[in-house]
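> With our numbering applied, the sequence shown covers 310 to 519.
The set of hints was computed from the structure by calculation and includes no laboratory data. Values in this document were obtained by computation on a predicted structure and should not be read as measured data. It is possible that part of the hints are untrue.
[Unchecked claim] Taking CB as the label site, the calculated pair distances span:
no. : residue 1 : residue 2 : range
1   : L433      : A453      : 31 to 41 Å
2   : Y493      : S370      : 30 to 40 Å
3   : W462      : S316      : 18 to 28 Å
4   : S494      : I332      : 42 to 52 Å
5   : I435      : K322      : 14 to 24 Å
6   : E424      : S494      : 24 to 34 Å
7   : I315      : Q367      : 38 to 48 Å
[Claimed, not checked] Below, a list of computed lysine to aspartate or glutamate pairs in the EDC-like style, where the Cα atoms sit at most 20 Å apart:
no. : residue 1 : residue 2
8   : K441      : D458
9   : K441      : E424
10  : K464      : E424
11  : K441      : D461
12  : K464      : D323
13  : K322      : D458
14  : K464      : D320
Built from N, CA and C at the ideal position, the CB exists for glycine as well.
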Amino acid sequence: MVQMVISWMLDPKDVPGWSTTDINNQIEIWATPLYRAVSHNGRFICELNANSPASVYQNLSTDSGSLYRWSFWHRARYGGMEYAGALINGDKAFDIDNQFEFIADSTVRYLTYHEGYFATPPSLSITRVEFKAYSKKPYDSDVAGNLIDGCDWVKIASPVNNTIYLGDSAPDDNSLVTSLLQGYSANVVQPVDFSTIGKNNIYRYYGYQK
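Please model the complete structure; the sequences and the hints are all you need to start from.
Take a look at the structure:
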């Protein structure tokens, strides 16, 4: 049986929410199945290596000081080893030789899931989430490789500022956070003896566990 494959080189304006660093400013989208790769959700999948080893990214409105979970699905287009990574505001958001390393071959039908967490700095209201193509072995082609799908960005919780006065007891755990995502719980990371703290100071402390 001959498999028919269909792909599009799209202008970012035709891919709502996404931009690219591709040299021709194009995002490559394939209909699946593609070389036994099946989309995680839906019928389409993105190939990071379009006209160059590029990135696709979104500039997201975020709440300062909040914790977010990023995730995506990835596999190699061909047999061998292909590298892709998730970057947050230009910094690598992972710690495996400073990049994610994914190993896949053409017999693997499904993508592999990857996730991590990022806390937005207090002054940051826009966060860039970027998915970047790196090198591939043994297929050294700039224009083919790194299939991704199901990219997601979810807020886990936001902190609460509590004004603590001399002699006050520690606030309840459930008053430390807002917008806590279902499946997570808040806990005090470093309990504080507020009876010894100066008056009118503001303290932020919180933790999350799944």
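> Is the distance from the Cβ of L433 to the Cβ of A453 consistent with 31 to 41 Å?
holds, 35 Å
> E424 and S494, beta-carbon distance inside 24 to 34 Å?
The hinted range 24 to 34 Å is violated for E424 and S494, with Cβ atoms some 18 Å apart.
> Quick one, are K322 and D458 close enough, alpha carbons at most 20 Å?
holds, 18 Å
> Between I435 and K322, does the beta-carbon spacing fit 14 to 24 Å?
holds, 20 Å
> Within a Cα-Cα threshold of 20 Å, do K464 and D320 meet the stated pairing?
violated, 29 Å
> Given the hint of 18 to 28 Å, is the C-beta distance from W462 to S316 inside that range or not?
holds, 26 Å
> Decide if the proposed pair is consistent with the structure: K441 and D458, CA atoms, cutoff 20 Å inclusive.
Between K441 and D458 the Cα gap is close to 13 Å, so the pair holds against 20 Å.
> Taking the CB of I315 and the CB of Q367, does the distance hold inside 38 to 48 Å?
violated, 25 Å
> Does K441 pair with E424 here, judged by a C-alpha cut-off of 20 Å?
holds, 15 Å
> For a C-alpha distance cap of 20 Å, please report whether K464 and E424 respect it.
Roughly 13 Å between the alpha carbons, so the hint for K464 and E424 holds.
> Take the C-alpha atoms of K441 and D461, compute the straight-line distance between them, and say whether it is at most 20 Å.
This hinted pair holds, its Cα atoms lying about 15 Å apart.
> Straight-line Cα separation of K464 and D323 no greater than 20 Å?
violated, 26 Å
Checked against the numbered hints given earlier, the structure breaks hints 2, 6, 7, 12, 14 and satisfies all the rest.
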